[in-house]
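Chains as they are written, first to last, in full-length UniProt numbering: chain G, 1 to 162; chain C, 1 to 741.
No wet-lab data here; the hints were simulated from the structure.
Here a beta-carbon is modelled for each residue, glycine too, at the ideal position from N, C-alpha and C.
Be aware that a few hints might be false.
[As the list claims (entries may be wrong)] Below, a list of computed lysine-lysine pairs in the DSSO-like style, where the Cα atoms sit at most 27 Å apart: (1) G/Lys9 <-> C/Lys323; (2) C/Lys219 <-> C/Lys245; (3) C/Lys92 <-> C/Lys186; (4) C/Lys92 <-> G/Lys146; (5) C/Lys92 <-> C/Lys176; (6) C/Lys478 <-> C/Lys269; (7) G/Lys146 <-> C/Lys620; (8) C/Lys323 <-> C/Lys269; (9) C/Lys478 <-> C/Lys554.
[Unchecked claim] Label pairs and their in silico Cβ distance ranges: (10) C/Arg734 <-> G/Gln153: 41 to 47 Å; (11) C/Arg217 <-> G/Pro117: 50 to 56 Å; (12) G/Gln153 <-> C/Lys245: 53 to 59 Å.
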Amino acid sequence: MINLTINGKEYPVEAPAGMPLLWVIREQCELTGTKFGCGIAQCGACTVHVDGQPIRSCITPASSVEGKNITTIEGIAPDENTLHIVQQAWIEEQTPQCGYCQSGQIMSAVALLNENPAPSDEEIEQAMSGNICRCGMYGRIKSAIKRASTALQASTSNPQLQ
Amino acid sequence: MKKWTRRAFIGTGILASGALVIGVAIRPGNRSSKVAGLIAEEGETVMNIWLKISPDNTVTAIIPHAEMGQGVHTTLAMMLADEMDADWSKVKFMEAPADKEYANYVVAKGFIAGNKTFPKFLEGTIDGVFLTAVKSMNFQITGGSASVRFTGQQGMRIAGAAAKAMLLQAAADTWKVPVEELKAEKSIISHPASNQSTTFAELAQAAAKVKAPKQPRLKTPEEFTLMGTSQPRLDIPAKVTGAAKFGMDVVLPNMKYATIKAAPVFGAKVKTVNTSIPSDSEGVLKVLNLENAVAVVAEGYWQAKSALDRLNIEFESTENEGKSQDDIFNGYQMAMDKALEEESIEEHFRSGDAPTALSEAETIVEAEYQLPFLAHATMEPMNCTAWVHNGKCEIWCGSQNPLGAKAAVAEFLDISPEQVTVHNQLLGGGFGRRSETDVIKQAVAIAKEVDFPVKLIWSREEDTQHDVYREATISRMKAGLDQSGNPVAYSHQFLFKHHPPEAADIPYTVPNQLIQFTSPSSFVPWGNWRSVDHSVHGFLTESFIDELAFAAKKDPLAFRKNLTQDKPRFQKVLNLIQEKSDWNSPLPANWGRGIAIAQSFGSIVAEVAEVEVNVEGKVKVHRVVCVADAGFAIHPDGFKAQMESGIIYGLAAAMSGEITIENGAVAQSNFHDYQVTRMSDAPRIETYIINSGNPPGGAGEPSTPVIAPAVTNAIFNATGVRIRQLPISKTDLRVSIQQTT
Numbered sequence: 001m002i003n004l005t006i007n008g009k010e011y012p013v014e015a016p017a018g019m020p021l022l023w024v025i026r027e028q029c030e031l032t033g034t035k036f037g038c039g040i041a042q043c044g045a046c047t048v049h050v051d052g053q054p055i056r057s058c059i060t061p062a063s064s065v066e067g068k069n070i071t072t073i074e075g076i077a078p079d080e081n082t083l084h085i086v087q088q089a090w091i092e093e094q095t096p097q098c099g100y101c102q103s104g105q106i107m108s109a110v111a112l113l114n115e116n117p118a119p120s121d122e123e124i125e126q127a128m129s130g131n132i133c134r135c136g137m138y139g140r141i142k143s144a145i146k147r148a149s150t151a152l153q154a155s156t157s158n159p160q161l162q
Numbered sequence: 001m002k003k004w005t006r007r008a009f010i011g012t013g014i015l016a017s018g019a020l021v022i023g024v025a026i027r028p029g030n031r032s033s034k035v036a037g038l039i040a041e042e043g044e045t046v047m048n049i050w051l052k053i054s055p056d057n058t059v060t061a062i063i064p065h066a067e068m069g070q071g072v073h074t075t076l077a078m079m080l081a082d083e084m085d086a087d088w089s090k091v092k093f094m095e096a097p098a099d100k101e102y103a104n105y106v107v108a109k110g111f112i113a114g115n116k117t118f119p120k121f122l123e124g125t126i127d128g129v130f131l132t133a134v135k136s137m138n139f140q141i142t143g144g145s146a147s148v149r150f151t152g153q154q155g156m157r158i159a160g161a162a163a164k165a166m167l168l169q170a171a172a173d174t175w176k177v178p179v180e181e182l183k184a185e186k187s188i189i190s191h192p193a194s195n196q197s198t199t200f201a202e203l204a205q206a207a208a209k210v211k212a213p214k215q216p217r218l219k220t221p222e223e224f225t226l227m228g229t230s231q232p233r234l235d236i237p238a239k240v241t242g243a244a245k246f247g248m249d250v251v252l253p254n255m256k257y258a259t260i261k262a263a264p265v266f267g268a269k270v271k272t273v274n275t276s277i278p279s280d281s282e283g284v285l286k287v288l289n290l291e292n293a294v295a296v297v298a299e300g301y302w303q304a305k306s307a308l309d310r311l312n313i314e315f316e317s318t319e320n321e322g323k324s325q326d327d328i329f330n331g332y333q334m335a336m337d338k339a340l341e342e343e344s345i346e347e348h349f350r351s352g353d354a355p356t357a358l359s360e361a362e363t364i365v366e367a368e369y370q371l372p373f374l375a376h377a378t379m380e381p382m383n384c385t386a387w388v389h390n391g392k393c394e395i396w397c398g399s400q401n402p403l404g405a406k407a408a409v410a411e412f413l414d415i416s417p418e419q420v421t422v423h424n425q426l427l428g429g430g431f432g433r434r435s436e437t438d439v440i441k442q443a444v445a446i447a448k449e450v451d452f453p454v455k456l457i458w459s460r461e462e463d464t465q466h467d468v469y470r471e472a473t474i475s476r477m478k479a480g481l482d483q484s485g486n487p488v489a490y491s492h493q494f495l496f497k498h499h500p501p502e503a504a505d506i507p508y509t510v511p512n513q514l515i516q517f518t519s520p521s522s523f524v525p526w527g528n529w530r531s532v533d534h535s536v537h538g539f540l541t542e543s544f545i546d547e548l549a550f551a552a553k554k555d556p557l558a559f560r561k562n563l564t565q566d567k568p569r570f571q572k573v574l575n576l577i578q579e580k581s582d583w584n585s586p587l588p589a590n591w592g593r594g595i596a597i598a599q600s601f602g603s604i605v606a607e608v609a610e611v612e613v614n615v616e617g618k619v620k621v622h623r624v625v626c627v628a629d630a631g632f633a634i635h636p637d638g639f640k641a642q643m644e645s646g647i648i649y650g651l652a653a654a655m656s657g658e659i660t661i662e663n664g665a666v667a668q669s670n671f672h673d674y675q676v677t678r679m680s681d682a683p684r685i686e687t688y689i690i691n692s693g694n695p696p697g698g699a700g701e702p703s704t705p706v707i708a709p710a711v712t713n714a715i716f717n718a719t720g721v722r723i724r725q726l727p728i729s730k731t732d733l734r735v736s737i738q739q740t741t
């Protein structure tokens, strides 16, 4: 039994040695927003933040992140009634199609903007190329990141990304 | 739009379980009572099989199609709400249950009207009897880019219009005023002359007693308030918060997990496996030998997968064991030779006398093409949750074919379809893959061995290696040009005629044509892959016509225009893309521009790709301009999104998509060796829609067939190298660059 801190909440979980964080999050914590796509860190659908850094939860042993702050797609909005700036931008650009990869895309985008609030096209491409979207919504994802970046800079007095 | 009237048996209301309902059936028979039981809650009124009105005046559109990203729930709800003059802010949707009542007659009807035969995904939807299926109208399929074209046009719009007519009549009767003086707007019916108004909900019960119109009047495009606008998609908010539930996300009390390994060689069976629970595996509940696969049931997916990976499974050897991709292509060549030699090759299309015209032509152009197997690689790996209990079976999955799933489960368990419940979920990508029932049957096979619900999850490796693949194929093409460079003869010998059957037709005016095919056997399972046979023939036709333009020393776009003079829609699309792509503007060295155009699923799509081939031979597609004659785009932004999606999907296949067979099994396993387009490789896409006044065309597929030839034609323009084998990554372009620079 180990204790994980996910979205600020404590979860006592059964995680045998080597069990990836992804399956603990999905099956034991029942936070199903984080997706299984490939199992080998190729597609990014399982992206979550560990102490603010984006990681691929499908290859990260749950035991290695005990005591760290884990954030999933369910935990990025400032409160229940407000979306994160990136989520809002995603809606405004009508970004998702099937939507399956989008939790991972959004988690990568949030991490990018935390690090670099005004990324260039190349920086966006670099940060996002680990996230596959089979519906091919790359143009819209890029536009949504730029929209979020603009919104973020307009609201520096209200730093939701912190 | 007139077709429906012959079968528009719009029936009226009946009582069901105490609640007053209105049933407006679009097809023969009045089934409202049963439908009401499936979808209506207390106090709600079923207006017809595709809508209900709640006491709070919300209108719910009941959509008989799966949502896999195409926005169909929103678009179809818009079509219904527009005809009904419902308040869009109070319109909801729900997906229709997998029940015969929702058999999608209009989809089948659309295919009957459009084609002489049916696509494969319509087969076997009920009891495995194809003709019975057609006659019984047992369809509830999302595919063939058909939702808007058939269900929307012939179902949702009529449903909305009929409901409105009944509500208006009810108001006229209540207020004793002529119905012509009434107005319906935003879910309110008013009589301006007497200053009376009331809501749809308040009129619903009275409307139930009104005789349904036989032929409700549909709006003309000038009257549309929602159709033709880009309303925010109703499914998107839940998709940015992680709340959206896909098949993968189903959670049930006491549910366990399973994963599976099928025999790597197609058709092989398990020879030996020890099905006792391994002592070194934690959380394992069951090891099952399913004859052609081994499954492990455990407390979690990871426990099941770890145990499965450690199992020592021996598979029987089969005749397919030694086969390689080269054997398959060689077999295709031999089959083609044999069919020609024995004159058993079948005719797809003939006009004039192509052999004679070829023998007399001034210039002959001949080429052979080869295309690979392709996997679907949906983002969400295959999965299905099943629970077999008390002689019943419930399944939870994302299916493009929930009724087919229901029938397959019933047949598999030898129970009646009434005992099977399909809880359809959001689909994490479909592209044709999720019209199959293989995974569902596996889940049921596992679930019947245990007394709890079990979620079967395929690994990505299983998903890649046990797909139903877009057929690999070869094609032989030959054409003759006259002295002025006009094509006078065209012959094409291809393999496998699937669906849509017209895919091999060419839009170009060539007086003498002979198009033939033969269908050799293949042990690799075949399935529908986005745009189906158009994904093959779009590349063949549009590559070869480019070769002819080059041989004729004509501009490829002008050449196409010249050969489609009898097709005004093509002319318009070609003219617009010429302008929007800056077709005649110069490009930097080692850049090229290529065009392709094709009609599929009722839409005509042209694309111009701008590519750069660098000194390392690497191809970068910088820009794609897409012009689509959509007929009428019901949801323009949704249509655009589908064009973008189809382009990236087709581009991934064109650039590097290739499934190969080694030792009878698929050699690729995951995204590292079955590579797909990523953001860094994605071109800038500009889409322009033409509303030509024709019926709405499909959106989900028609942009896919033309991207590969647009890119390879651009590579030819940049380098002089004609790519006749896909994917493009098979061709080493370094030499060409050195030669041309």
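We went through each hint and held it up to the structure:
1. With a C-alpha separation of about 54 Å, the suggested pairing of G/Lys9 with C/Lys323 is violated against the 27 Å cut-off.
2. For the proposed pair C/Lys219 and C/Lys245, the alpha carbon gap of about 36 Å is over 27 Å, so the pair is violated.
3. Taking the CA atoms of C/Lys92 and C/Lys186, the gap is near 14 Å; set against the 27 Å cutoff, the hint holds.
4. For the given pair, C/Lys92 sits about 31 Å from G/Lys146 by alpha-carbon distance, which is inconsistent with the 27 Å threshold.
5. A hinted pair counts as satisfied when its Cα atoms are at most 27 Å apart, and C/Lys92 with C/Lys176 does not qualify at roughly 32 Å.
6. With a CA separation close to 43 Å, the supplied pair C/Lys478 and C/Lys269 exceeds the 27 Å bound.
7. The straight-line distance between the Cα atoms of G/Lys146 and C/Lys620 is roughly 23 Å, inside the 27 Å bound, and the hint therefore holds.
8. Only pairs whose Cα atoms come within 27 Å are accepted, and C/Lys323 paired with C/Lys269 is accepted, the gap being roughly 17 Å.
9. For the proposed pair C/Lys478 and C/Lys554, the alpha carbon gap of about 18 Å is at most 27 Å, so the pair holds.
10. Look at C/Arg734 against G/Gln153: about 44 Å separates their beta carbons, and that is inside 41 to 47 Å.
11. At roughly 55 Å, the beta carbons of C/Arg217 and G/Pro117 sit within the given window of 50 to 56 Å.
12. Range check, G/Gln153 to C/Lys245: Cβ separation about 35 Å, and the 53 to 59 Å hint is violated.
Hints 1, 2, 4, 5, 6 and 12 from the list above are not met by this structure, while the remaining hints are.
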